[in-house]
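Those sequence lines, one after another, are chains A and B. Going by our numbering, the first sequence wraps up at 1610, each residue one higher than the last. Going by our numbering, the second sequence wraps up at 1610, each residue one higher than the last.
Some hints here could point you the wrong way.
Given that identical chains are not distinguished, each listed pair holds provided it fits within a single copy or across any two copies.
Said to hold, decoys possible - Straight-line C-alpha distance at most 20 Å; calculated EDC-like pairs for lysine to aspartate or glutamate:
1. K1531 <-> D1459
2. K1542 <-> E1402
3. K1576 <-> E1426
4. K1434 <-> E1445
5. K1463 <-> D1607
6. K1542 <-> E1552
No lab work stands behind these hints, which were simulated from the structure alone.
Chain by chain, the residues:
2 protein chains.
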Amino acid sequence: MNKKAVCLISGGLDSSVTSFIAKDEGYDIFALSFNYGQRHNKEIKSSQEIAKAADVKKHIIIDLNLSEFGGSSLLDKKIQPDLDNKLNDIGKNIPNTYVPARNTIFLSIALAYAETIDADAIFIGATSADYSGYPDCRPEYFKAFQKLFDLATKKGIQGGQIKIKTPLLSLSKSEIIKKGIKLNVPFEKTWSCYLGEDKACGRCDSCLLRLKGFKQAGKKDPINYNFLPDWYK
Amino acid sequence: MNKKAVCLISGGLDSSVTSFIAKDEGYDIFALSFNYGQRHNKEIKSSQEIAKAADVKKHIIIDLNLSEFGGSSLLDKKIQPDLDNKLNDIGKNIPNTYVPARNTIFLSIALAYAETIDADAIFIGATSADYSGYPDCRPEYFKAFQKLFDLATKKGIQGGQIKIKTPLLSLSKSEIIKKGIKLNVPFEKTWSCYLGEDKACGRCDSCLLRLKGFKQAGKKDPINYNFLPDWYK
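Just chain A, same shape as in the assembly:
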């Protein structure tokens, strides 16, 4: 019997590559996605297609309406995400797309799922290199969460462990894309844009980081954009 892992799949590029890494490592994958009131909830359709492509055993989509709290441009349509930032400025400050405690919530719910099915690991596609400067994507954050995991669970106090796996944590976006190409990740099915319109905007931080990654990897991003920055063309 294969080892089991819970994979957080948002439908974006990073979590898609992460799920294919889990598959490549021989895990049976139990996918978890969230309909949390996000502006770009079309990423959920992508999560379903990626889950299928990664041949997961089960895919649970949790409804959890964080927009009751607000406090983020991803949750509150009256706040506009930043557009057209300079690449070098992304990650310097915490942007308004920051959703308070989002990774903490997602990992907690993943922990419940993992403990219930007796999984060995939870995969999350966090990255702290080409990223938006979110506090809950840093290595020290995941280290603290592992400590909490070990104390929080029946499995933990009985001497077992549920490992948080962050295979992308120190990789640049282009390195992530190159890894994804090797593993045949269907990038055309992924969705990264914060705006969540028909085509990707090509202007929000998420689009910009993605386009930079493809550019540096020497590949063409297969999805459609409404706009492309000059440096990408």
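Since chain A is already given, all that's left is putting chain B on it; use the hints.
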């Protein structure tokens, strides 16, 4: 302006006393409850009555269906919670009412709420004295969570702190009840029984610990029971 606190209010005895402690400490209370697929979801009505009695500023009830995962007699109606345990045996082993990662999930979502409204504290009515042996009620667990809080949030990395407050952690049930009496907690509005039927069963661990507490405090529990153990009468 008063300090703000998020209070987790389940509608049970412990969280009710905790919310009155927060009120007594001068906090403006923002209450948070969960409709998580629990067998005894009538506790939610109690949470509303307690929130009103504690004069909270706002009360948000989050729908989060954990019964998709199962793995607990509180989530899966096919599993029966233990009844008629000996008082001395309660807390020795982790019972089937344990809900994997429940406190971790609730605290994570409370953290999102607290950061959004710029609260200073989160109150949770956990107790590790007269308790059911859950791993996520122990002091070392809350210490690890505080560390995580400090790393997870924008407020944390900017030097602020959202404090986890567990005023009942080392108190016995009778001490909690005596504190509640001093603070005029309306115990008749609280609900503790795991079975969630019309009257409290008087036989599950939660009823037994509650009855023991009233007995030791020399008070009569004001709620109605279907059954009362001999030692209580």
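**Request:** Sort out which numbered hints this structure fails and list those numbers smallest first.
**Result:** Violated: none.
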